[in-house]
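Colleague: This is what each chain is made of:
Number of protein chains: 2
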Amino acid sequence: MMGGDLGVDATVPGLSLYVNNHDCRDVSFELFGNKSIIEQHIKSQNCTIHDTGKNVISASEKPAKALKIGHGTSMFEAISWVAQGNADAVVSSGNTGAYMAFSKILIGAIDGIERPAIVSILPNILNSTVMLDLGANTDCPPTKLLQFAIMGKAVSQVLQQVKNPKIGLLNIGTERTKGTDLLEEAYVLMEKSENLNFIGFVEGTDITKGTADVIVTDGFTGNVSLKTMEGTIRYIAHTLKTGFSSSLMSKIGYLFCRNAVKTLKNAIDPRNHNGAPLVGLKKIAIKSHGNSDAVGFANAISVAVTLAKSGFIDDISKMIAEIEKGNSDENKNN
Amino acid sequence: MMGGDLGVDATVPGLSLYVNNHDCRDVSFELFGNKSIIEQHIKSQNCTIHDTGKNVISASEKPAKALKIGHGTSMFEAISWVAQGNADAVVSSGNTGAYMAFSKILIGAIDGIERPAIVSILPNILNSTVMLDLGANTDCPPTKLLQFAIMGKAVSQVLQQVKNPKIGLLNIGTERTKGTDLLEEAYVLMEKSENLNFIGFVEGTDITKGTADVIVTDGFTGNVSLKTMEGTIRYIAHTLKTGFSSSLMSKIGYLFCRNAVKTLKNAIDPRNHNGAPLVGLKKIAIKSHGNSDAVGFANAISVAVTLAKSGFIDDISKMIAEIEKGNSDENKNN
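The listed protein sequences correspond, in order, to chains A and B.
For the first sequence, the working numbering gives the first residue as 444, with consecutive numbering after it.
For the second sequence, the working numbering gives the first residue as 444, with consecutive numbering after it.
If we strip away everything but chain A, and leave its shape as in the complex, we get (with noise of 0.2 Å):
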């Protein structure tokens, strides 16, 4: 309840909100944080506060020093709750790193895999792009790139609803020539493996062209490309507010678009698209934007929902267990 920007001003606010929209019969919340604050505010009955009074990770604390003083904080405490099964998912707008770190600790990987992905779903024209890694891996061999394809894959079962969902391989080009060798060995895996919808190579127009249901890349590449493409937003955002405060006629034509423009809004709005799962885990771990704010964090808490109540982890586990059983197989036959 203390992570991100605006801590529980965020948190308390947007775990009402959710609260009030969805049915929550069969739904709990444990929440973690300065009792004294929350419980102020938190009036529903499906919520327990767990206290961890002033113990937490600050933004800027570096993951290797966020697990020495971590014991204790409101991030570890709520993390170590679901890692010993006492409840399905967490939730948290806090520091990125401190939480991976955490997580894949006290959680764990899913056997097979490395490191957990960071996965977003992007707008895009026809519905969204379920895009991974955006940033936990830097240093993808072509296996890695295998597993997020699969990992990519059960995140657009569950949250889009796609029964055998599009995976492309992002690139510089969609010609199979384009790029480097590493993402030609990368395409010869997802090509071979026969669990996968692969359409080959896509670039980055197509993110939200909806070419793919899924885009596979390092965490590098998807980084930047979500970050330029939040930037570009921004700037287009900006031209057209400077646009339409430009004269009396635009102003006046402004008050008669109002509702187009809202349109463009909620389809562009980070916080619509908040709660980005790290994919690989044993348990669902979702990240929350840092600088979201109520509607953010309720996006994200169901995104975590959603998630917990399908069979997500299991097929994840069972899909990698198959390749890396294939894998095996080819190397004993080798």
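Fair warning: there could be bad hints in the mix.
Put simply, identical chains are the same to the list, so a pair is met inside one copy or across any two.
Unchecked claim - Okay, derived cross-link-like pairs now, DSS-like style, lysine-lysine, Cα gap no bigger than 25 Å in a straight line:
(1) LYS694 x LYS684
(2) LYS635 x LYS761
(3) LYS708 x LYS652
(4) LYS621 x LYS511
(5) LYS652 x LYS752
(6) LYS505 x LYS621
(7) LYS705 x LYS684
These aren't lab readings, by the way, just hints derived from the structure by calculation.
Please read all numbers here as calculations on a predicted model, not as lab measurements.
With chain A held as given, fit chain B onto it using these hints.
Modeller: Chain B alone, transformed into the frame defined by chain A:
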């Protein structure tokens, strides 16, 4: 004159547009292509047509094949003409791979530069951002990134008129500890370089924020980032258009605020940013986007003329030579 999706339908009116809007007393144009088609439409006195008949490099030709069959084509002959010192700059909307291959072989790279970079000038909230590489070099060791910084600086000085441009290195966070070892090495090289106003790591959001005048990255990341931006702009344009035509109110509103939308359109119109210099060659070569129309092609000509009138190539050559000298001195001392 034959390159791009529209061929002469873009290049001929594009040239006319440029000539009509600029003082061309000290500029002349050497046009390479099918004379019988071009001469029907070109009336300008400072144009000479070099007939290359129907010999063209198709958009889908691989660079290796293009090199074999290139002789006599409009693209090859235009680049040869510049390479031989008969003209100062070449502009083409044709096949990028072939253009790069011909330019490297015929014109040659500046001493110390392995492979030219593709540079683009992107809009930002304050002004514009020079970004490179956008796809020519997928594999970029730290020394290459340092060269890109120098090349970007020279482009910024001429095209943005910035005396001491701020140089940023694209990463997944601004903190010094973020990113790969390769980027850390490049950081050290740039920081050490007395010629550069290096401001450190920048993120994807900084491209449109105007944090830096020049943003340096490898060709893989740059290409994905540029295309993500293009895709995001198309997505927003689509959403806005749908919104504006969704109701009579919105349609009326649109009439009032057409100017505001026009401002946005102009700001993000890729035609207004068309003309990507291939930097690192001994002559000026400008790549116009394959799908550019007359407006875009005229803009690419304008970039070519501006660079040709500057001391751009000499400046880059000197700065690269200084660094090479520094490196070899350092090697001697070690």
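Colleague: Hints first: check each against the structure and report whether it holds.
Modeller: The hints, checked one at a time:
For the identical chains of this complex, LYS694 and LYS684 are neighbours both inside a copy (10 Å) and across copies (19 Å), given an alpha-carbon limit of 25 Å. Taking identical chains as interchangeable, the C-alpha atoms of LYS635 and LYS761 lie at most 25 Å apart only when both belong to the same chain, with a minimum of 18 Å there against 51 Å between chains. In this assembly of identical chains, LYS708 and LYS652 lie within 25 Å of each other by CA distance both inside one copy and across copies; the values are 18 Å within and 19 Å between. Taking CA atoms no more than 25 Å apart as the test, LYS621 paired with LYS511 passes between copies only; the shortest distance there is 20 Å, against 44 Å inside one copy.
For the homomeric pair LYS652 and LYS752, neither the shortest alpha-carbon distance inside one copy (30 Å) nor that between copies (40 Å) is at most 25 Å. Taking the closest pair of Cα atoms, LYS505 and LYS621 come within 25 Å of each other only across two copies (11 Å); inside a single copy the shortest separation is 37 Å, beyond that limit. In this assembly of identical chains, LYS705 and LYS684 lie within 25 Å of each other by CA distance both inside one copy and across copies; the values are 13 Å within and 13 Å between.
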